[in-house]
Amino acid sequence: MLEKALQGTKLYWGWLAFLALLVLVGVGCYWQQLTHGLTITGMSRDVTWGFYIAQFTFLVGVAASAVMLVIPKYLHDYKKFTKILILGEFNAVAMVLLCLLFIVADLGSPQRLMNVLLHPTPNSILFWDMVVLNGYLLINILVGWVTLEAERKQVEPPHWIKFFIYLSIPWAVSIHTVTAFLYAGLPGRGYWLTAVLAARFLSSAFAAGPAFLILVTYIARAFTGFDPGKDVLATLGKTVVYAMIVNIFLFLCEVFTVSYSQIPSHSAHLQYLFFGYHGHGVLVPWMWASMIMGVAGILVLLVPKNRKQDNMLIIGCLLVFIGAWIDKGLGMIGGGFVPNPLHEITEYVPTQLELGVSLGIYALGFLVLTVLYKIAIGVKQEVE
Amino acid sequence: MYDKGKILTGLAVFVVFMTYPFWNNIGRAAYVKPELEKPRMAKECVENVEYMRAEHMAMLNEWRDEVVRNGMHEYHSSFTHQTYAKSLTKTCLKCHENKDKFCDKCHTSVAVSPYCWDCHVDPKGVKQ
Amino acid sequence: MNTTRRCFLKLASIAALGWGGVRPAAQVLASGGAAPSEGLLFASRHAVHAGPHALTAKRWAMVIDTRALTSEIIKDMVEVCHRIHNVPDIPTKQNIKWIWETHFENLFLDDVHEHLPADHPQIGVALCNHCDNPPCVRVCPTKATFQREDGIVMMDFHRCIGCRYCMAGCPYGSRSFNFMDPRPYIAKITPEFPTRTKGVVEKCEFCAERLAEGKLPACVEVSRGAVVFGDLADPESPVRKALASRYSIRRSPTLGTQPCVYYLV
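Protein chains in written order, with this note's numbering: chain C, 1 to 384; chain P, 1001 to 1128; chain U, 2001 to 2265.
Please keep in mind that the hints were generated in silico from the structure rather than gathered at the bench. Worth double-checking, as some hints may not be accurate.
As the list claims (entries may be wrong) - Partial list, derived from the structure: chain P residues whose beta carbon lies under 7 Å from chain U: (1) 1068; (2) 1072; (3) 1076; (4) 1121; (5) 1123.
Idealized CB from N, CA, C, for every residue including glycine.
Between the sequences and the hints, there should be enough to build the whole structure, so can you do that?
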């Protein structure tokens, strides 16, 4: 099936070349990082994780969203999703790849990466994150490839693949749960030390992930004429809006606990993020923008009529996606480190080189996503 | 054969790349075993010379783990029947006084760059 | 050799025991039996093989008299520590500190209020607490940071991958990361102690290398009696005597980390 990726229009090759160029930019920036160390980032002794880890955290959610297609299709025999299922699975592949790349980019000594395997340490949540992320990557490559190949040959997929399809459901939940546990088990980091964090991560993932899927499906439709089927995206929009409502609800639960209990080590972080703390508040406008976008997205998508209109669905999904990205990709990590355990404030802003590395990684992820979608849609159109 | 040109060009490029180390070295002087400066004050090393030549890196790795992680600082040599401190700077470099003329010479000629010296300090190298 | 056998044991035990066992089982899986050192899977406390001259203890601890400390003493403590351990002096927020002066209220977030007597200490000294239940060891994915049986929390700079999870885990801000090559920032290198390289985490090690030679930690030696060091398990040790003599507190004790650095107030 790989040959599908090698036959394309000028536009397709141009897009791939553009992405490859961005990858090169990222490689250049990463070369600087390898030479000079993580000093080229905006991170500091107090804010030790930054943009890289935040992107990883956010993208784990986007990857996990495939399960929002798998559950209706395989547990409820909801046939409408059959056609875009492969898009969810291949999306998961590209997103988990991005996650892994962002983790590696964040390592101070990437040449020793394999120490995690040479000295496996199950008391570290990072060890388990390595296990579940790589597992999810393999499961989705396997399931996506096998089902697509069967579809191409117009036969039923082999029986054994069902096992991996069902396995992918709890596994998708696990990747984001474990990622939340990275943070939620640390003493002295009040913003993360909450049992609701994993649930919040999952709900925002099941909003932002399907929103992303809807958006890329529209893009695919515009360029290839791929038809996802009637009402499929509108139905997926339902998932987006309800997951986002749950996400906002859980966030408000957190706000209540923190602000009513008034425990300073917990409230200081929210205060920093939304109102600024002792004159520091670089993230304040972002956080409010995130909240407003989240609520606006809900208001748009909650109306059934809007979900059936392409433009409104796109606007709603964009609002939800960007809102969730700011919340997790900017606020979640930075906010957890400010103020630091000694109640001192060091703010974090990513540097240009750091953003350059991230841009390169994103470009590589989208390159893989483009190629995988080219294959998937090529096969589907060939079969029709 | 379909795409004969492409395939043959591809193969040619592959072969050229794979044999790079060989043709790149054509015309260069043959490898000469570097002359190392032998310690003046010591007659024998902690193990016999052949063993040290082949295994010193593995031994240092093991010493490192045992000292850092297990707190076992002493090495009992079955060769000299003596006890040494497992220390690169305090044991090895005590006899091999000149790192440049011992360690580096070989490492340079075989093009390896052990990262020991990123952290560990050659006492003679500090003259500030 | 040794290494292969250890690898085999590791694999065999993974197969035999599965991945089972939570923290208490760490002892079963880890330090028990023939290998008194690193856990097979879970982190465990490493045995200490003391040489003939070493100072030893069941549980090392430090007691700091906050009333006897002055800014000058702290300056001396920081100076000697950072000098003998090749700690670089980096003038940015990506700096490295093993021991440092800080405000009293930053040290004891929960214990300070505005109506303390006027002569109460304004400053204090912060360093690694060598917790009995260290979160940094719990989170480290490679056991690069580990705890010895005498309580000292150590770093293996050779193994650290620089993920900085331990820095997120430490609730005391005791850890520093080498964002860059530290050597250009070391005024005069002390050859007896290694420098670090870019990309690894470091922190105070209670002068484990000095204890092995029978010397007290360097900061204790220059503290003019304001800091004492000794075996917490020995009722006759200077630390136990100091703790028995006055009221003492520890940093953020509610987090359950059981710090072993005590502050007399």
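The hints, checked one at a time:
The interface hint given for residue 1068/P is met, as the beta carbon of that residue sits about 5 Å from the closest beta carbon of chain U, less than 7 Å. Look at residue 1072/P: its Cβ gets to within about 5 Å of chain U, closer than 7 Å, so that hint holds up. Of the supplied interface hints, the one on residue 1076/P is violated, with its beta-carbon coming no nearer than about 13 Å to a beta-carbon of chain U, more than 7 Å. Interface restraint check: residue 1121/P against chain U, minimum CB-CB distance 4 Å, threshold 7 Å, status holds.
Taking 7 Å as the C-beta contact cut-off toward chain U, the hint placing residue 1123/P at the interface holds, the least distance being around 4 Å.
In summary, the structure is inconsistent with hint 3 from the numbered list given earlier, while agreeing with all the others.
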